[in-house]
Amino acid sequence: MAVSGSNDDPMLVKRRSVFRDRLSAALGLPVKLYESSDYNGVIQAISSGQVDLAQIAGGGYANVDAQVGSLVAPILTPRQAEGETGYYSALVVRADSPIRSLADMKGKSLGYVDFNSTSGYLVPRAKFREQGLDPDTYFGKTSFAGGHTQAVMALANGQFDAAILQASGGDPQQGFTRGALYTMAGRGFVDLKYFRIIWTTGPIPSEAVIVRTDRPQAMIDLVRGTMAALAYDEPELWTEIGQLDGSAYTAVTRDHYKDIIALRAADIAQRRGTGGRP
Amino acid sequence: MRRLHAALLAVMCLMTSGAGTPSPFLRVAAISGVTGPCEAPAASTPTGERAYYDHLARRLNAKVLRCPVVDAAAAAKSLAAGELDLAVLDPSAFAPIATTTRAILTVRPKGGVNRIPVVLGVKAAGPIKTLADLRGKSLVFGGRTAAALDLPRLALSQRGAPMTFWGRQDVAADGDVAVAELRANKADAMVLHAAAWQRLCRQNSPKLAPPCADLRIVSRMRPQATRAVVVRRDIADETRLRLIGIHMPLHLENAAAFAWATSWAPDAAEFEPAEALALVATR
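Heads up: the sequence lines are chains A and B, in that order. Residue numbers for the first sequence follow the working numbering, beginning at 1 and rising by one. Residue numbers for the second sequence follow the working numbering, beginning at 1 and rising by one.
Hints in this document: simulated from the structure, not taken from any laboratory. Incorrect hints may have been included.
What the hints assert, rightly or not - Below 20 Å or equal to it, Euclidean Cα-Cα: the simulated SDA-like pairs (lysine to any residue) are:
#1 K193(A) x R100(A)
#2 K127(A) x T200(A)
#3 K193(A) x L149(B)
#4 K32(A) x D214(A)
#5 K258(A) x A265(B)
#6 K193(A) x L208(B)
#7 K186(B) x Q203(B)
#8 K63(B) x P216(A)
#9 K110(B) x L149(B)
#10 K110(B) x A265(B)
#11 K32(A) x R215(A)
#12 K127(A) x A262(A)
#13 K207(B) x Y194(A)
#14 K137(B) x W166(B)
#15 K207(B) x A156(A)
#16 K207(B) x V190(A)
#17 K207(B) x T200(A)
#18 K127(A) x A154(A)
#19 K110(B) x Y34(A)
#20 K110(B) x T85(A)
#21 K207(B) x K127(A)
#22 K193(A) x Q203(B)
#23 K110(B) x A156(A)
#24 K106(A) x R196(A)
#25 K110(B) x W264(B)
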């Protein structure tokens, strides 16, 4: 099983060992957890068949789909308490910044998360275009922070005027509770009062549990059942490992991510037309 | 990977009918008003029902047998006796066999939310310790959505606290307003769904005091399921988990089988896993 590590909460990857242990008990086999330092490591591991399953954001799955098509399929995604199966992308500035809106960002510097990040790159760029902004020319400078945590720290340190971050556990009306900013605040690394969200887009289809479809169907069914049962069998453990309270897994197919897959294809085409700059 | 495949083949063959005894059969209760022997579905079996049995048989690599029983109570009795492996039961049929069987699946209704937990809270400094202590007291809800209002009302009603139990009920705009009312003594209790409680009480900085240190959780409860797929507790865990894993995407993979399998819940959108006592409200 592959997971992306070194994200907003290193403990999250450690906590995913809970799934490893559950799967190992259910399968009667040792299950190894492969931690990749970036999204691409997970993408390549599952695409090449080095791992059997992975947890990955929609944009990452879109990249896998582009490489191997139906050899990999999503089987589960989190469904939140209010029924949402998505999260948000938030444009965040420091609270002392004069920037109040996307319009104020013209000529300013923007930090994306990673080329393979759904909320930190893929979706916001598409939404910028929908709003008539060319993300390749509208901002004065753009670059990749390398991860959500790095994006928060770069913003806090003044390297960017704004950063695009994932936000979940709520919505723009009621506020958010999850995402790098909130996790880092919870751990005492930053203080929420020093940041301001000025723009959001979403909901974006949440991360998927994806599997190699050339594995036995019995294994796929067992993985799906084992991971989905945890929210009901052990609700306290479910929240301890970073899942939102009241959330649960729901079954999905490729169709759930078709818009993200189309966005990824369009963005790749766009990048090829502009020399591949972020 | 060869070892994995071999082990999974072993898993595929591992169906139990009680006490860990391997069995190549899965015996499903068919509540039909008549009693009969367990048999493979006949050629005359309706299309949807046939599709369900075929789907399960293919995915479990086992014979799935249709076992006619008179009613849910008879299904429960046969299930507990080890004469069946799976039945759809209601709370009254489940109650006598709750210690030897367990729920594994319920359904989420179309446009509805899962059976999410709801949290009933009061001020920690007050005298209220149990739900019973709140009879005649005032209650504030944290919103008007299905998750914020309908589900808590259902869960409370199922535990003996319907609308008439309360002295006064208020519906606040959201959890923040609701907790403000509780803290201002404008309400004696507050009920939120689990995610709203988490949003409210999440500690955003270790330097700050826990935001809900002044509150006490009186009860945390899921709404009681009206029906659930039930198996014996001694069923092999991998069998239980595979049944969950097979049923969850049924609406996406086999519409006819799903429609028949959820004919007891015509507005079903999908199967969702269930805790062992999903059919019991008093917990």
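Of all the hints numbered above, which does this structure not satisfy? Sort the numbers upward. 3, 5, 7, 17, 18, 19, 21, 23
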